[in-house]
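Following the hints, position chains Z and H against chain C.
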Amino acid sequence: MTVILQLMLNGLLVGGVYGLIAMGFVVVYRSGRVFNMAYGQFAMLGAFMFWTFTGSPDDPRLPLPLAISLTLLTAIVFGLLVERVIFRRMIGKPEFTSFIMTLGLLAVLNSAVMIIWGPSTLALAKTVPTGPVNFAGITLSQEYIWTFLIALIIMGIFVLFFRRTRMGLAIRAAQSNQTASRCLGVSANLNSQIAWVLCTLLATLGGILIASVQGASTLLSELVMVVLIVVLIGGMDSFAGCVIGGLILAIGENMANYYLGPTVPGIGSIFGIFMILVILLFRPHGIMGANPVERV
Amino acid sequence: MMMPARPGTAESNNRLLEAAQIELSFGGIKSLDKVSFHVRQGEILSIIGPNGAGKTCLLNCISGYYRPQKGKIHFKNSNLLNLKAYQIARLGISRTFQSPALYPQLTALDNLLVARHIHTRSNMLDSILFFGKSRKEEMASRQAVEEIINLTHIEELRKRPVMMMSYGQRKQVEIARALVMQPELLLLDEPMSGLDDMMKEIIAELILNVQESGMTVILIEHDIEVVMGLSQSVVVLDFGQKIAEGPPQQVLRDERVIDAYLGNGHQ
Amino acid sequence: MRQRGKKRIDQTHEVAILKTSGQWIILGVTILLLVFLPFLLRWSGNVNQLMFINITMITIIAVLGLNIITGMAGQLSLGHAAFVMTGAFITGALTAKAGWPFWAALPAAALITAVIGVIVGAPSLRLKGFYLAVATLAFFLLAQFIIRNMDLFGGIFGLSGIPAPIIGGVRINDDTEWYYLILAFVLILTFFSVNLTRSRLGRAMFAVRDNDTAAASMGIQPYSTKLQAFFIGSLYAGAAGGLLSSYITVVRLDQFSMWDSIWYLGMMMIGGAGSTAGTIMGVIALSLIKQILHMMSMADWVPYFSNNWTYITSGIYGLVIIIFVSFQPYGLIALWKKMRANYKRWPFGY
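Chains as they are written, first to last, in this note's numbering: chain C, 12 to 307; chain Z, 29 to 295; chain H, 2 to 351.
Bound-form chain C, shown alone (with noise of 0.2 Å):
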């Protein structure tokens, strides 16, 4: 029984934060039908940049705030250059192209990150106590718990900022119909940087998330098949998907792995996989999806 809950709590922990990166996708996606394969590079790129500001555990940098704020700061005008130079040309053009355009961006990216910072894992300074937690016979790490916390809050503030805000309310109208929103007053291209604003935002806080825990590594770049996995399960434009298709994928990978890993190696690995079609068997358009009708 406490093997079960163990499993699961650690599933939900990890999930949680998946499911916060998965946003960061999925809110491009809903603004503009971007499908964003290069969002594991702008994970990465934002590990590395918060490495670079933070140091490593022998050669600390600046404290932690300032670290954070920069990291953050870079995250914003990135957004904003990478929106300006090349999607705002985009809109309007078909998705197909629009997603060759995060394929190129993808090379560049993943190139880029290679030469300036080179393709070993880079350990990050402290910045999440890190140690176990025992109680009840379960054990669990404390990064992963502040991870999930600072997940949670970011999430919340997020959500808080869609539902509340007016700002948020002209967002999601936005999202819905471009052009009759603009007849009322919402600049689309507003639009269409603040999305690319959170999307790198969100993509920064999840790579820093996890390479405070794992470290800054060129594995953040397969963070898109975690991401695509999680947006399958829930739905490609829905941020409660999101949620749900992280705890889904995390508590499963967790169990697969524990219960079928010493008889199918990488057994995993497989398990998104194996999610997917499960998925595009019996909901194609993940749990929370929408499913588009077409009118003649």
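One thing to keep in mind: the hints can contain errors.
Each computed BS3-like pair below joins lysine-lysine, with the alpha-carbon atoms no more than 25 Å apart [said to hold, decoys possible]:
| no. | chain 1 | residue 1 | chain 2 | residue 2 |
| --- | --- | --- | --- | --- |
| 1 | Z | 112 | Z | 62 |
| 2 | Z | 112 | Z | 58 |
| 3 | Z | 164 | Z | 187 |
| 4 | H | 338 | Z | 187 |
| 5 | Z | 62 | Z | 104 |
| 6 | H | 129 | Z | 112 |
| 7 | Z | 187 | H | 339 |
| 8 | H | 338 | H | 20 |
| 9 | H | 20 | Z | 164 |
| 10 | Z | 98 | Z | 112 |
| 11 | Z | 228 | Z | 187 |
| 12 | Z | 62 | Z | 98 |
| 13 | Z | 100 | Z | 112 |
| 14 | Z | 164 | Z | 228 |
| 15 | Z | 62 | Z | 100 |
| 16 | Z | 187 | H | 345 |
| 17 | H | 291 | C | 104 |
| 18 | C | 104 | H | 129 |
| 19 | H | 20 | H | 345 |
| 20 | C | 104 | H | 338 |
| 21 | H | 291 | H | 20 |
| 22 | Z | 187 | H | 20 |
| 23 | Z | 161 | Z | 228 |
| 24 | Z | 161 | H | 20 |
The hints are simulated quantities; they were obtained by calculation from the structure and are not laboratory data.
Same frame as chain C, but now just chains Z and H:
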């Protein structure tokens, strides 16, 4: 060419399409409420009614886009509700859309060639080998398409990409596309909307021509003069219900129709 | 309507691929050049480029397959490299382990890959666009997983000692002979691909790509059309894979990665999605860029560059894709047609 059966004569009482008790709902909204009507072979039937009455929905049910929750639609001997859209097209029903469903980057000629699909038989292997069956069919298709182009007088538009055409021209090409399929039943969804009087006359003449060659036509239209001039039978829908059916003169004097749709200017 | 003279339309001319005698001449010259290419290279002392050319031609075959699935039928496939990988491994296993001759193994591998392609394309009934793309991506990972765990395919070490084909009793054993073999494949498969664009099935694919509801209203079966596209496209990729593994004589998992699928898409887009000639142009263009960068790094002009050659190459690929698709979303083939049209009108600007 078949001699057309003049409506009202014995041969023409052959019902080509029969729809019975169609009910169609989207969520809580009932688009069609127990609608029944029929079309006789060789006649032109108009469906009229205010916007939102369900006219396009009815056409969509016939052509297979919407599946009504209740009711029956029989075309010749087939129950259309069991069939998918492409199967219905292959049976001999073709339609136009209110906004022309043409491929904008292709030329008019290419758009028409696509519509020849059901009249050709090449399979995958024939296609990649091309020389032989596929090529023969290609030439035959192009010949057939040229005839339709001549019939619909769109010669100048042959090699022009659709996205460079005016609205009226697109409507012409859209009708030509439906004709290329050589249907027995042609469904036209507001073919005259947005056109000026001269274009309307051209299209009206075209509709009469195709009727003469044996086609049956169901027409959604708002222009009452067109309806009067072309149709042998009129069905009136309002809020998803059929409120009248019959020859134009009779229907257009019906009290309910005048209240719901016509107003008093059409005495 | 006033009667006007009816234009006489020559259907043979309309249907033909090569319409003017000028085009026939260009085709003839190109074929001659291709046939004599190895000798030209030998004469100019550049024979080692032949390997690059062979690999490029194999890539052309693979990307032509992607062009059919994604460019013509509009089904975004992010896992195309998986089909090449499948064809490579199956061919290798059949020839190296089961002792089949190349000429039996390659068609078998291609056909098996084609069938797998249809299975991968099966979700296209309910999935559109990016959802389908993720499914193809999942297939790529699944394929990697399966191959890694099957002894038949040599696990992580892959297969080696893959024998080359025998033609007329002689085994092919150098780049020049491979060149002609691969060239033959490329020419035939290109011919089929062009035929597809002007035939019933190709037209159905374009119709399904651009508006599958309208296509259905014209009697086209969207699902069947998509599956046929997957069949042919994966067939091409499988054949490319089989040629690849026989040419290189070894096949390992690390030869195929997600990046390949991405580059294939990029090549197709840059050349012109949906167009056979465009796709070929795109593959040649990007392959040339890669080769030039490679030679620059070998020549060691800039030491920093040589060390980071792989990253810089991908970065430049990405930049090329971004810039090109921004300004020429319809690809090189559209640019070419524009230039031709301007040339015809010269010196008039309109």
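Does residue 112 (chain Z) lie within 25 Å of residue 100 (chain Z) when you go C-alpha to C-alpha?
holds, 15 Å
Taking only the CA atoms, is the gap from residue 338 (chain H) to residue 20 (chain H) under or equal to 25 Å?
holds, 15 Å
Straight-line alpha-carbon gap residue 129 (chain H) to residue 112 (chain Z), limit 25 Å:
Distance of about 19 Å is within 25 Å: holds.
Would you check the hint for residue 112 (chain Z) and residue 58 (chain Z), treating anything up to 25 Å between C-alpha atoms as holding?
Within the cut-off at roughly 22 Å; holds.
Compare the distance between the alpha carbons of residue 161 (chain Z) and residue 20 (chain H) with 25 Å, and conclude whether the hinted pair is satisfied.
holds, 21 Å
Restraint status (C-alpha distance of residue 98 (chain Z) to residue 112 (chain Z) at most 25 Å)
Distance of about 17 Å is within 25 Å: holds.
For residue 62 (chain Z) and residue 98 (chain Z), compute the direct alpha-carbon distance and say whether it is at most 25 Å.
Status holds; Cα separation ~8 Å.
Could you grab the alpha-carbon distance between residue 187 (chain Z) and residue 20 (chain H) and see if it respects the 25 Å cut-off?
holds, 16 Å
Restraint status (C-alpha distance of residue 62 (chain Z) to residue 104 (chain Z) at most 25 Å)
holds, 21 Å
25 Å limit on alpha-carbon distance, applied to hinted pair residue 228 (chain Z) and residue 187 (chain Z):
Distance ~24 Å between residue 228 (chain Z) and residue 187 (chain Z) Cα, so the pair holds.
Given the hinted pair residue 62 (chain Z) and residue 100 (chain Z), is their Cα-Cα distance within 25 Å?
holds, 10 Å
Going straight from one Cα to the other, do residue 20 (chain H) and residue 345 (chain H) come out at no more than 25 Å?
This hinted pair holds, its Cα atoms lying about 15 Å apart.
Of the numbered hints stated above, those contradicted by the structure are hints 14, 17, 21 and 23, listed in ascending order.
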